[in-house]
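Asks: For chain A, the structure is supplied; the task is to place chain B on it using the hints.
Taken in order, these protein sequences are the chains called A and B.
The opening position of the first sequence corresponds to residue 215 in this note's numbering, with each subsequent residue numbered one higher.
The opening position of the second sequence corresponds to residue 215 in this note's numbering, with each subsequent residue numbered one higher.
These are computed hints drawn from the structure, not numbers from a lab.
Predicted model only: the values in this text are computed from it and were never measured.
No incorrect hints appear here.
Any copy, or any two copies together, can satisfy a pair, since identical chains are not distinguished.
Computed list of lysine-lysine pairs in BS3-like fashion (alpha-carbon distance at most 25 Å, straight line):
| id | residue 1 | residue 2 |
| --- | --- | --- |
| 1 | K637 | K585 |
| 2 | K667 | K690 |
| 3 | K667 | K637 |
| 4 | K358 | K592 |
| 5 | K593 | K637 |
| 6 | K593 | K359 |
| 7 | K359 | K592 |
| 8 | K358 | K585 |
Number of protein chains: 2
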Amino acid sequence: MVVPSRPADLGAPEQDSEQVAGPTVSGGEASAATGEPGARPFDFRTVVVEHVAPELDDGRYAIKRVVGDTLVVEADIFKDGHDLIAARVCHHGPGDDDWRRAPMALVDNDRWRGAFPLDQIGCHTYTVEALPDVYRSWAADVGKKADAGQDVTVDLLEGVRLLRQAAERAAGGERATLDDTAALLEATGDQQEALRLALDPILIDLVLEHADPALVTPYDRELQVQVDRPEARFAAWYEVFVRSQGTEPGRGATFREAERRLPAIRAMGFDVLYLAPIHPIGLTNRKGPNNSLVAGPNDPGSPYAIGGPAGGHTAVEPALGTLEDFDHFQQAVRAHGMELALDFAIQASPDHPWVREHPEWFYRRADGTIKFAENPPKKYEDIYPLNFYCQDWRGLWRAFEEVILFWAERGVRIFRVDNPHTKPLDFWVWLIREVQREYPDVIFLSEAFTRPKVMRALAKAGFTQSYTYFTWRNEKQEFAEYLTEITSPPAAEYFRGNLFTNTPDILPEVLQRGGRPAFVLRLILAATCSSVYGVYNGFELCENRPRPGTAEYYADSEMYQHKLWDWDRPGNIVEVVALINRIRRENPALQLYDNLRFYESDDPNILFYGKATPERDNMVLVAVNMDPSTPRHSWVNLPAGEFGLGDDEAYDVHDLLSGARYTWHGRHNWVRLDPQAWPAHILRVNRG
Amino acid sequence: MVVPSRPADLGAPEQDSEQVAGPTVSGGEASAATGEPGARPFDFRTVVVEHVAPELDDGRYAIKRVVGDTLVVEADIFKDGHDLIAARVCHHGPGDDDWRRAPMALVDNDRWRGAFPLDQIGCHTYTVEALPDVYRSWAADVGKKADAGQDVTVDLLEGVRLLRQAAERAAGGERATLDDTAALLEATGDQQEALRLALDPILIDLVLEHADPALVTPYDRELQVQVDRPEARFAAWYEVFVRSQGTEPGRGATFREAERRLPAIRAMGFDVLYLAPIHPIGLTNRKGPNNSLVAGPNDPGSPYAIGGPAGGHTAVEPALGTLEDFDHFQQAVRAHGMELALDFAIQASPDHPWVREHPEWFYRRADGTIKFAENPPKKYEDIYPLNFYCQDWRGLWRAFEEVILFWAERGVRIFRVDNPHTKPLDFWVWLIREVQREYPDVIFLSEAFTRPKVMRALAKAGFTQSYTYFTWRNEKQEFAEYLTEITSPPAAEYFRGNLFTNTPDILPEVLQRGGRPAFVLRLILAATCSSVYGVYNGFELCENRPRPGTAEYYADSEMYQHKLWDWDRPGNIVEVVALINRIRRENPALQLYDNLRFYESDDPNILFYGKATPERDNMVLVAVNMDPSTPRHSWVNLPAGEFGLGDDEAYDVHDLLSGARYTWHGRHNWVRLDPQAWPAHILRVNRG
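Next comes chain A alone, as it looks inside the complex:
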């Protein structure tokens, strides 16, 4: 249905004259309706439809929503002259055979708006179409002329003609209504009676329903919206290495043993249990503790060195158990009300089966050897990167699709993707589209801490969620600017920042320096600024020892060695985590992504922001002391009007952390935050 945005050459008029449609005002006949939006024989636009929103890079990529959302669509729509216009949002879901239509209405200044519900997971298509509303224009003019006392005898005959033309396009009772009204109009000698008949609003709508399809102009792009399940937008993630979830020193836990940890994880309120890679780990050049070059005989190696004698990306590391043990573990996770996320890391150890089976998928050096990963002068000899530009790139791409489908068939519906920015962007466009066509509920999280434009491009390519720079934003101003950027349009149309407080590779300096108060404040920021956030195992224990000589790596990381945790370690914030996740669950405002708003506060360390539901039936304000070392106090400035509060109105705020209740007034209120007690208020606003 896409039409050229510029008219074609006129061609020889004789040849094309059969296709020519009638005039606007007389509503001449043209080709039959086909049911497609904008089926039309014109090769010029009867109505201009442009600047449709939301629209991502001119329709090159899909915007994102969650099932149950309503998609509001706007467009600039206008035409030459003074004809009235009708416009509609056209849309179809992934399973629909036909387009559905929702009416649009003029907002102002040639901007129109319509909406339709997103009632199904998957990729929906939408566009806009418009047409001159010929009969309504005629009716408006004839009404004005009659009001001015002018003779409208001939005008009424034109109305009869328009009604008859509409009747020819209608059927059944509607056809009869149109024909009968035309006959009455023609027969009556009473101009008042004729006007009453002709200008009946229901009749005017009926004629529009049977408008000449030749007059319809569609927008010249079809746009897409990826509708995800609710967990794409609202979830709390917990990242673990399965092997570290046990109790026996000197060896890793199995899937069966790790199941015992599930009640405690669920008690903290997490929704997604994300596992570092579970595949066989390579032996060749295996890394030892603290990323040392030589592994001891009992060292388990990095799970990111994927592939060994037991198999590659579709196998399970024997030390963890069997595929059946994995299945059992997944069932147990589900039984505890959580969902599993797997790590999808596209790289191979030198022992990966593909090295033998498909050496053509790797980079070969001039001496015939396979090239290991390097970032000169640094070498990563336990990893072979794959060559996405190789001769058999189609075979390689399909192999990775099959990996995802393998796990999807076993029930996995969430994949956290390691380093996606080192693979071609169009690989992701293709892979995510193909997988979601078969499993529309699959969620992909992009682990890319790279340049901003690359991160945005990955989100546009289809990643459901994205890692962010949250981890490194600590100053009030930069924090507010960055979080505003990623939660506002245009980013919010396609980018869902999953705010991780820490990862196996990132122990941020603020946690090293700030201790327990820093852990609590970073947790509160992550959990209340975004609807989707995550922590990596050990965060709740306030683990913060860096590996000596590194800026942000953990000392004695479980990445390279067997590890046991004391889950009741003194000073832990397990109860705080559970409380925060309960607050998120009980406050719908915290479950939305694009409703974060920052407000003014006087103190340069106190950050003040709020989230509310569109209906304003849940309103949460958060004040955070960004300095974990010192109590701070400040006036905070709420634009009360935005919350529907009067400037002098008194209202209760309930601190969901401490349980305290305060009475606030209008815009200016005072907070004091001691990090040793609570570095933040999370205030639910209760109106009279």
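Replies: Chain B only, in chain A's frame:
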């Protein structure tokens, strides 16, 4: 060369494997180069190229420039992994057979920039392409490894392979250089010598010139820039009714008589002489003086009621003379250093020949009569509108094309188009493209005082210049906002506001009320805010009597009656007009459109702005008292740094109106403006 923005289905690998190109790093061979930008067998992007600027509505419409300009093109360009990238602007002019290429360089944050000169009038095409710079990436890595003391023997063999592959794509001396270097590299046993040879910057550039074309990814749109002649951007217009340029009461002047006025018009410094319609005027329902319904026998009628016994749009009103007289007049205009602009008004009087020859081009009523123009309850019975949606719309469109071509063949190259917003937008897209294909130097001015989006759409459709809301912007703040909007991107990419102080239909209230000082200040605003502006005949005489009972119409308008002017009327501003036009001619900064910047001033009536050339070799500051009734004074605040002036620097400013010279210092300076003397300073900045 447009490639899909999403990869196609992979298809059956067997079928497509012939098309598969080699890996990035090894620079595998693929199809032969074709010379088209981005000829490539991949169906995915090796490099991502997006957000190209300038770009108008994703390439649907052309941006505008003037011959001699340099087009600066930017794009976001990045790829997976760490390969270095090369990028180019690809462009071809209207007469070029092949694409030309200009290199792009990284600015920062994945933004790249390149430029090329616009050396020819007409429609140019441009886009961007990028590719991994395989050899340069290899060279950077091998250099780092060598610096770190690592063995690079195998790496050098890879370099040899890359050189040999490039040689196969090269010819002649370049092929020999590449082959010879490869051989030397292979033969030498000296690693230092090998590195010196391999990392030679000239060699690295040469290899890029012969890169594998299969690796090139083009941007997925071709964009267009309409390059106009300089007069499209810089000109002063003067609008006249030819018949009022005479001296004999009771009858209109002829072309021959009107020639006598040309020296005086040229002495005022105008470049374009724009004539109200010169075609035969209808007799049926002809309007009388002051738009009265009945014309007397000697009343000449409105020239917008086009068509009579003597012909239609390709004829000349007999009272003005013959077509030969018109030709003579046009020669005389040219001899006086000016250029003619004709009015193109698409409407017909009931006496237009087309009413008989092509009744199917008009709107017919149900009783068979042709419909006159109306805006119920108002009637315009001397005008028949044409139906652009009629059955024979192609015939009608072509007829108007032939009208334009008729006058273009007689040498006319500027058309001011009356009411373009009442015709389909795509008619203009088509007509302007067709006309400019034959006569690339034709300029179209859009007379549309309608809704903002419609005005912008007409400019995008191809109109060279546009009327604006300038005439109705009088308050300092709204004036600065509006002028900023139309002279800044995105509008400035396609919209050139021709600021008319008045028109035959618009005698703005400020002129009625403010008298001579208002005329001077509005002239200065029009002539210094935009590089293209116009006045309508009588402005220089301070004619400001409104027709009683109307808001903005002239009393006794020459639109409907014979008129004589006293060209030396006391209080006229003829000398001021001449001075202003001389100032424009002598100051290149005033000849550019998009360099207007508004600055702060304390007084709410004093507007302060500046224009400078990009090289800062001409800098003009203007302070205007917007209140024509009262002297005002104010501090004005120049961001001196933008002009390359130090905050404490002293500099001379020369008032080009009064001739006075002042010494200003840094940012803050003081002005006093008495409308009875000069309501403005036009200050040329002279640096030490």
